[in-house]
Structure formats: C-alpha cells, structure tokens
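Trainee: Now for the letters of each chain:
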Amino acid sequence: MVASAFAANEAPGTKNKEQVAEIYRPQAGKFPDLEKAHAYRGELIFVDHANRRGSIRVAGEGMFRRNDPHPFAMLPYGIIRYHGAPADLRDIPLGTMMHVLAYLPPDPRISAVPVLPENNKEKDAGHYRGAGVFPAENHVLLIEDEASYCLREGKAWKLKEVELQSSNQGMILATLEAKQSGDGKATEQKLTFDGALRIWRGRECLTIAELIAEGAWPASGKKSLNAQSVLLGLTWKPTPDGIFQRFHISDIWLDDASIQRAAKNQTETHTALIRGRWMPAFVDTVEYGKFGRATVTVTLFGGMDPSLYADFNKDSPVLINGAENTLKHDGGHYGPGHLASRGTILGVVKTPGTAPMGSSGIQVRFETDLIIEGIRPGRVVRIHPKGWPDVVLPREEYLGDGPRQEDRFPSPAIFPKYNL
Amino acid sequence: MMFLVRCSWLKTFVVLGSLFLVAGSLNVAGFAANEEPRTKNQEQVAVPFRPENGKFPPLDKSVAYRGELVFVDHATRRGSLRVEFKSEFFRSPPTPFAMLPYGMVRYHGAPADLRDIPLGTIMNIRAFLPPDPKNSSVVTTPNHWYPLPLENHAILIEDEPSLCLREGKTWKLKEVDLQNNQGIVLATRDSQDAAAAKDPEEKLTIDSTTRFWRGRESLSLADLVAEGTWPASGKKSLGGQSALLGLIWKPCPDGIFVRYHISDVWLDDKATQRAIQSQTEVHMSLIRSRWMPAFVDKVEYGKFGRATVTVTLFGGMDPSLYADFKKDGTGAINGAENTLKHAGGSYGPAHMASKGTILEVIKTPGVAPMGSSGIQVRFETDLIIEGIRPGRVVRIRPSGWPNVYIPREEFLGEGSKIEDRFPRPDIFPIYR
Numbered sequence: 001m002v003a004s005a006f007a008a009n010e011a012p013g014t015k016n017k018e019q020v021a022e023i024y025r026p027q028a029g030k031f032p033d034l035e036k037a038h039a040y041r042g043e044l045i046f047v048d049h050a051n052r053r054g055s056i057r058v059a060g061e062g063m064f065r066r067n068d069p070h071p072f073a074m075l076p077y078g079i080i081r082y083h084g085a086p087a088d089l090r091d092i093p094l095g096t097m098m099h100v101l102a103y104l105p106p107d108p109r110i111s112a113v114p115v116l117p118e119n120n121k122e123k124d125a126g127h128y129r130g131a132g133v134f135p136a137e138n139h140v141l142l143i144e145d146e147a148s149y150c151l152r153e154g155k156a157w158k159l160k161e162v163e164l165q166s167s168n169q170g171m172i173l174a175t176l177e178a179k180q181s182g183d184g185k186a187t188e189q190k191l192t193f194d195g196a197l198r199i200w201r202g203r204e205c206l207t208i209a210e211l212i213a214e215g216a217w218p219a220s221g222k223k224s225l226n227a228q229s230v231l232l233g234l235t236w237k238p239t240p241d242g243i244f245q246r247f248h249i250s251d252i253w254l255d256d257a258s259i260q261r262a263a264k265n266q267t268e269t270h271t272a273l274i275r276g277r278w279m280p281a282f283v284d285t286v287e288y289g290k291f292g293r294a295t296v297t298v299t300l301f302g303g304m305d306p307s308l309y310a311d312f313n314k315d316s317p318v319l320i321n322g323a324e325n326t327l328k329h330d331g332g333h334y335g336p337g338h339l340a341s342r343g344t345i346l347g348v349v350k351t352p353g354t355a356p357m358g359s360s361g362i363q364v365r366f367e368t369d370l371i372i373e374g375i376r377p378g379r380v381v382r383i384h385p386k387g388w389p390d391v392v393l394p395r396e397e398y399l400g401d402g403p404r405q406e407d408r409f410p411s412p413a414i415f416p417k418y419n420l
Numbered sequence: 001m002m003f004l005v006r007c008s009w010l011k012t013f014v015v016l017g018s019l020f021l022v023a024g025s026l027n028v029a030g031f032a033a034n035e036e037p038r039t040k041n042q043e044q045v046a047v048p049f050r051p052e053n054g055k056f057p058p059l060d061k062s063v064a065y066r067g068e069l070v071f072v073d074h075a076t077r078r079g080s081l082r083v084e085f086k087s088e089f090f091r092s093p094p095t096p097f098a099m100l101p102y103g104m105v106r107y108h109g110a111p112a113d114l115r116d117i118p119l120g121t122i123m124n125i126r127a128f129l130p131p132d133p134k135n136s137s138v139v140t141t142p143n144h145w146y147p148l149p150l151e152n153h154a155i156l157i158e159d160e161p162s163l164c165l166r167e168g169k170t171w172k173l174k175e176v177d178l179q180n181n182q183g184i185v186l187a188t189r190d191s192q193d194a195a196a197a198k199d200p201e202e203k204l205t206i207d208s209t210t211r212f213w214r215g216r217e218s219l220s221l222a223d224l225v226a227e228g229t230w231p232a233s234g235k236k237s238l239g240g241q242s243a244l245l246g247l248i249w250k251p252c253p254d255g256i257f258v259r260y261h262i263s264d265v266w267l268d269d270k271a272t273q274r275a276i277q278s279q280t281e282v283h284m285s286l287i288r289s290r291w292m293p294a295f296v297d298k299v300e301y302g303k304f305g306r307a308t309v310t311v312t313l314f315g316g317m318d319p320s321l322y323a324d325f326k327k328d329g330t331g332a333i334n335g336a337e338n339t340l341k342h343a344g345g346s347y348g349p350a351h352m353a354s355k356g357t358i359l360e361v362i363k364t365p366g367v368a369p370m371g372s373s374g375i376q377v378r379f380e381t382d383l384i385i386e387g388i389r390p391g392r393v394v395r396i397r398p399s400g401w402p403n404v405y406i407p408r409e410e411f412l413g414e415g416s417k418i419e420d421r422f423p424r425p426d427i428f429p430i431y432r
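Listed in order, the protein sequences are those of chains W and H. Numbered per the working numbering, the first sequence spans residues 1 to 420. Numbered per the working numbering, the second sequence spans residues 1 to 432.
Hints in this document: simulated from the structure, not taken from any laboratory. Treat the hints with care, since some could be wrong.
[As the list claims (entries may be wrong)] 30 angstroms max Cα-Cα, derived DSSO-like pairs, lysine-lysine:
(1) 121(W) - 417(H)
(2) 222(W) - 121(W)
(3) 417(W) - 134(H)
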C-alpha cells in the first residue's frame, strides 16, 4: 500500500526507509548501548553452560505455563549474577526466575540460538499466551536472579501478610519497592511457598516450622508481617485454580548478614572459576612489530569481583589465548597455557567515566612475541596474569583440533520446537 | 603407542566391571576342524543384558561408575557425565546418559529430579545397555576413543551423601592442611560393615566456597577457623571426625589425574536430616503435580471401553506419596513416554486422562527390585486407551493431589513429530 504512494518529487524508497524503525544490533568489539536493551524475565529451564546459552520461560500477560522454553545466548561480555554476585550459568539452579536485558543477535548468521523476526515481541503468541513471550532479543547482556536484581536496583520485598494453609505451605502477600524510600503503594503480589522454603537469618538456614515455633509466623491462618523488608529467591510451580501466573518463593533472606554470606559464597565460586578459565576481554588495538612481536591493548570484561582485576599489574607476565564468542578457549588439550601467547604487561589503564555494562573499564596493554590470528581487534580473548593457577580445562570448555564449524559456531538445532 | 595406551585403559575398565565388548574379535580364527563355523562363536559371545519393557532389571547386571554432572536435559530425563577413569579426568568428554523410566535420582539422601542436581556434582550411577538401541535418546555406540561405558541407561544416579546413606558409609576426616583459605583434607570413606573392604585414603581439596552444615547453621571455612575448630594455616588432625561430604570437581594443577573437591560438609546428623527433609519436600511437590509414574502390568478388558488395569508404581519416592493411593479412592491415569512425559497436557494432564476408582492396593511380597515400589494398584476405568497397555509407562494420580497444569516441555504436543516421543541423541556434541 505505502509503496504506491510516493510524491512525484521524492525518490522511491526514501519515505519508506524513514518509516522503518532503526534495528539495533550489538557490534563485535563494542559494548552495546544499555538503553537499547529489551528487558524481560522468566524461569530458567535449560542450560548449556559450555556454550553459554540456555532457555527461559518468559513471563508475559498470559498463561505462563504455556510459554515454550525460549532460547537465549549470552553475549561474550554478558554478565550473569546470582545471589548478588558474579556467576556462571552452571551456578544457577534450573527453575530460578531470572531478569534479562537482551538484544537482537549481533550476527544472525552465526547465532547459537534461533533467530526470530525483529518485531517478534510485539506479536501475540496466541493460545492465551499474549505478546512478548518470544522476544527476538535473545542475546543477553545481563541475566540475574531476583536477589541480584533487587540489590542492583536498590529494591526490597516488603512482606505484608503470611497465610499458612497447612503446616508447611501457604501464601505471602508482598510488594516490591525501593528498599529505603518505599511508600507501600506498589502493587501487591501473591506468592506461594511450601515445605522446601529456605529462610536465611545470619548464618542460620531455618524452616517454616522453626519460624512458627518462634512465634514469627502463625501455625495456621493469617498474620500481618508489617512490611518486613527482605530479599526473595523466586521460582515457579504450576498453580491450581486457573491462575495465569504466580511465582513461588524458594528462599527468604531476612537480614543483610544472610544475603552477604550468600553473596560471598557465590563470589568465591566465581572468582575460582575465572582464575581457572582466565579473564575474558575484547582486543581493542594491535600495534604490529617485527618477527611476530606486537603490542596489544585489551578491555577486560565487566561484572567480576574487583580482586580479579587487581591481579593485572604493570611489568608482570601475562598469557593470552584466542577465544570464541562462547568464551571457549581456542586450544586447550594440554591446558590453555600450552598454545597461549606470552608477554609482559606494559600498562593497566582505568578508562575515564562510567564503563558501559559488559565492560570493566579497565584496559591492559601488553607486549607479546607471538601475535596470532586469534588476537585481532574486535576478537574475544582470555588473559591470565601471574599468580593465577595453571590448570587444564575440561573437554567441553575448549575447541577441538578439528576444523568443524559447529565447534566455533554452535548450531541452534539443539533447541526443541514445540507445537501446541 | 596410542594403541597400547588405549588397551591399557580398556583393561582397566573391564576390571571395573564393564560389559564393554572388546574380546570377540580376537576369537574369530579359532574354529576346530569338525565344528560348524559360527556355532562355537555364538556360544562364546555373551549375550549382552538389556532391560525389557515392563520389567525391572536385576541390579547385579548393572554397571557402576561415577562422574561429574556436566549437562542436563531434565525434560527428557537425560544428561551428560564426565566419567571417571584411570587417566586424566579433565580429558574425559561428557558422556551422555538417559534415565530408564523407573530410574531413580537421589540428592542429599532423598528422592530428586535431574533438575534438582547442580551441574558439577559428582554422581554415582548404576546403568544398563539401552533397552532398545533404536529408540535410545542417547548415543548407543562409542563416539570417541576413550574407554567410556556404553551402559548409559541409568536405574540409579545419586550424589555422594545419598550413596553413603544408602550404603551405610561415612567419611572420616583425618587431617586438614590449609593455606590462604584453601587446602587439602585427608579422609577415608568407611563402611559400617566391618567386613567390607577399606577404601583407600583420599586427598580432597577444600576452599572458601565449601559450605559446612551444622544443625541449622550454614558455616564457612572462615567461621570454623574463627571458632578454632580448623587452623588458619598449616596442618591439623581432625581425629577421624565423621561427616558426609558433597563432592564436585575442579581442574587440578600439578598434573593430578583425578582429585575431587568438597562442596559441602555435613557435620552432624541433624544437619543431614534437614537436607534430606528439604529435598524430600521438593520432590514430593513435583510428583504430586506431575503424577506418580508406573508400569502397566495387566489390563482386563470389559465392555464399552471399561477395563481393570493393574499397575506397579515406580520406586524410590517418599512413603507418604504411596500412602495416598487408597482402596475405593478415585483417581486418573494418563499415558506417558519412557521420558515420563505425559502423552497429552495442553489443558493439563487430567484433561485427556482416564478416570476411575482404585479397587485395590497390593504390596507385593518380598523385597521390591530397584526401580519398583513393590506396590500394585488395581484401577477400574471406563476409558481404556491405547497408552494404557501392558509394558507401557503411565502416570497415575489419586484424587487428593493438586489438579494443576504442567509446563510445555513436560508433555507431548498434539503433533505427530516422532522426536517428541523418541528424543534424538544428536543434541549431544561429539568431542574429538
């Protein structure tokens, strides 16, 4: 219809191009604009941690249970957070409700998950599922659990009322609002819990029965909880009575000490992982020298514990290895150090201003005498400073010697297609 | 050179009890002159044991091994393990496994689903060859040159505390040696059975991620150091302290082939009981909403679609779930697949299920084989359907359980895609 309506003095196509909204995709070697990200949340259903991808049941307005698991892939600099700390996908229990910030695939040809029409989030998926449950924005910059989301955004759950329907299951009425300045006017949500609920207080892990024994919760019936401020871990369980969407509480952190202990434990887990797998980074520049020498500048990816970045020091030795967008090392049959390029750190620079999400804002400049194909501007590398352990990697976390295309670019064919 | 190395591993694996078939090819040329070729050969080749539909296999035909849980596809009850063998553990590629329909998952000494097990957990497995290789959801032939088991259909997969609790074993902590919030624990896994063979002393790593459970407390290494129970640095005898351990694996420096890492230490019975209770609650809630899986033993056909169906409930669940099946109670029964997926469920599993009345609940005499509860339920329905036939897997629900819908990946679609019923093994990567 529009194609036939050009004014006589306009070149065909001009008006059309103006009308088509610009499609934003992240670019290799650059950290994307956060405000262009699409936000959604859902239940983690499936994880292929070695390829940094998985599936999530995205929450929309319709029947949550009917939403097919929706594949997602982490961007190479994509950040995972769990219990308010950096994490790997392998750390997140299946069933956890996650918050996601995501983009269209940077390069649809090599996407590790199915590529969907750009406007897919606007389409009603039908069958009482509503719109937004299969967004084409499936390349993730940030995926985090409820506790991490609340800590990052300065929010807290205020518990209004608990109702015990039997000795070990019931319902909580709560609002999610700013931790400090919440006015209690946020929309109330009903959340279920059952006998598997973990209640964390200081270093204790309590049960419902113990809260009842203390008199904090009633043995049966309702009790006001006076807007008690807590953090919640959320999952989902099938809900009776035709409820479209109601989430389930897996964990309650009653105080700051308990969530700090959880964050500390997860931080230690992730720190040990990164020390064994090396710090991922983008190559910013390569200044080529002679006989294979080069000075390389990389930007370390963000979201890690500060102690990891502090290990990169001027004049200390460093190893650098080519990697894929999945963060898999290019080689590793004898450990990633075997084929890595060695060098010396010439400088560590904190770039001015606030670093974009995905970036640490820290650049490392080093010189190597073995500049290789994998270390080019825009490529992902992994870098290992002095002092980190020299360990071998499990088989699924590095590429093989073979030239198989799917080792570098995992096929999206592993994700099942559901029909109703 | 590589051949010799491989043979050595194979020998190791055969010693471990595998049915890995390597010997046949060596005997081909050895016929006596007066014998018909093939006859002797046929006698010599052991017929490999495979579980049969509708029957629980004898446990002594299973192969035991252990490894790190690396991948899980919980909706189709399969995954991958990095199997331990007598060489460099890190080189062991993830080896796919599938749960038999009656295969049991245990975690923290309690029934579990694969979705409950954190990736990285060291799991102990008892498994068989695929019952029907044509329909296997995991590979049935070796896809690498490592001596990894073809017995990849699991009747039992359990974490370390579950194994210890089931077999009456406990870890005795001998000594800890700490430097910079990490170190080594020297320990042995002892049996309550004094006549049992002693396991060798093991070195296990520990660090600041290790969780210590004591009563209702969740402690860190720093807490134990602050209490003076453990040293801030250096060695200390732990006096053979009894504990249950959760094990994972982390890459080891210094060329160590296999050394496990302690993720959790349960310091007392109270802490263990709390972990068991929590996992039991998780699993009971799951089974009540997904229904109890069972084999159809017998169908006595009546008229106009009526039939009396006898099923054997699968084993390993909490006793309270079995207690919900009562004579004269009502319920529903639905066809299911070997993956335990409901045959239909777009409007909830109850929508297409056959409803009826429980005529009888029978405890079969003797000890039930692993996989079976030993409990038979006789059920009369006026809607006997194709999915409810002897040897088939069904899911059955007593009327007191919640009537809920199930998520999309846990039931078959209405379409005719064969891979919905028989998931293909090609989602598993092949490692070179």
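Trainee: Give a verdict on every hint.
Mentor: Hints versus structure:
no. : hint            : verdict
1   : 121(W) - 417(H) : holds (27 angstroms)
2   : 222(W) - 121(W) : violated (40 angstroms)
3   : 417(W) - 134(H) : holds (22 angstroms)
Going through the hint list in order, the structure does not satisfy hint 2, though it satisfies all others.
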